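Residues per chain are reported as follows:
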Amino acid sequence: MTTEIAHAETEIDILLVEDNASDAELAVRELRRHKFANKIHVIGDGAEALDFIFCRGAYRSRSLFHPPKVILLDMKLPKVDGLQILKAIKGDAQTRAIPVVIMTSSSEQRDVIDSYQLGVNAFIQKPVDFDEFRRVIERVGMFWLAVNHPPPTDVFAPVAAELPGSTLAKHAGNAL
Amino acid sequence: MPQTYSRSHGLVPVESPVPDPMRLQQALARLTVLTQMKHDNGLTAAGGQVAQDIKELNEKLLSSNAQLAIVNADLEAFSYSVAHDLRSPIRQIAGFSKILLEEYGPQLPAEGRRYLDKVIQGAQQMGGLVDDLLHLARVGRQALSLQVTALDSIVAAALESLQPECTGRRIEWRIGALPSVACDRGLMKQLFVNLLSNALKYTRPRDPAVIEVAQMDHNGEQVIFVRDNGVGFDMQHASKLFGVFERLHSASEFEGTGIGLATVERIVRKHGGRIWAHAEPGRGATFFFTIPPGAH
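Chains as they are written, first to last, in the numbering used here: chain A, 654 to 829; chain B, 846 to 1141.
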């Protein structure tokens, strides 16, 4: 699913990993309404999200030097779930510094603990009420794109010894 | 062996945890015989049979309990995931209806806009219901994390989150000294939020509303209570008070889902306490509960 994609090779502001197309549309609409992000890329599948983040497969022409300013990550995703993606990102020196925000319907204590232990930068429960949902999205956009100081790009210099392919396979394969 | 059906669904037959009374009677009869025989210095055969019967009954009881626990856990997981999975579609119904109203409202006739408002209201009500159900299911699922906590601080936190419901009203709060108890903070806050938001709701026709939270001695036991001067209810219906989806007021009088007090009751019971209420129509209601002071 690709609602309103920025061109994959260029730098993007927000990577939204969300398998529910309508939820994604509501979030993208809200972010655009407040003009926090022009370049939002939406991916609805966990495996594809990993390809995007680690610049593999269909996304191999992307550069690891230009990660999104923030990744908004749903937990329930097809193929590879949100916690596995989080684990892969935070377990790899090349991607560890990318801010990751879990945005989920769940507020299970277990999920919150697991996310923080894996190094998530924020955990947000999507409110069921639409007006509250709007406010939350607005604040998330405001904080990560306007208030927060993102990591400088040299943080993302590839580490020679740690090739994305090998470490990734290991992380993604580990069940939590 | 008689079969009972789980009350909420009627889908899953479970063996009754209560052993067949006939078999119990037979075992007791043998026990009596055994006592007499022991008296007469002749034993063994009957004694062995009794021991065997008791052993079998115990095994049955244990396996029925295990079965019940599994069915119960399944039902809780089921209601949790249903409620959970409804959240997104409900948000989408309200969300897209609102967007439609905002962006195309001027092109719609007044009647069309009114229908959309109804859709949004319905979705909002459903959202509240689903969130309440999730809270209720969570009480059942979550293990208690007990910490000795001053209830004053919990009440203060509950009051803070109820601020939006207080705006524009005259409310006289009478908050007495409350004890420290070993409790789950999250659940205890939920308990006070539910009781106090009920008090706020049912005192809406009062100016000022008077809401009291305090502790009292009741037959040597420390009892915490939440009292209001609201519309109250008829004690005749008190048995329905803590049942899920039970309501003593119509939705047009006072909105609600009938889950709040059921959740409160579960939280109290999970802490090893008891809850009851006293009320009179037109003269307010008081909810009393106990929480054992030590770790439960």
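Do not rely on the hints blindly, as some may be mistaken.
To be verified - The list that follows gives simulated cross-link-like pairs (lysine-lysine, DSBU-like), each with its CA atoms no further than 30 Å apart:
#1 K943(B) with K688(A)
#2 K943(B) with K692(A)
#3 K729(A) with K1085(B)
#4 K732(A) with K692(A)
To be verified - What the simulated footprint calls covered on chain B by chain A, stretch by stretch (three residues with Cβ under 8 Å from a Cβ of chain A suffice, anywhere in the stretch; the number is not a length):
#5 939–952
#6 969–978
The set of hints was computed from the structure by calculation and includes no laboratory data.
Quick caveat, the model's predicted, so the values are computed rather than measured.
Glycine included, every Cβ here is placed at the ideal spot set by N, Cα and C.
Non-conforming hints, listed in increasing numerical order: Hint 3 contradicted; others consistent.
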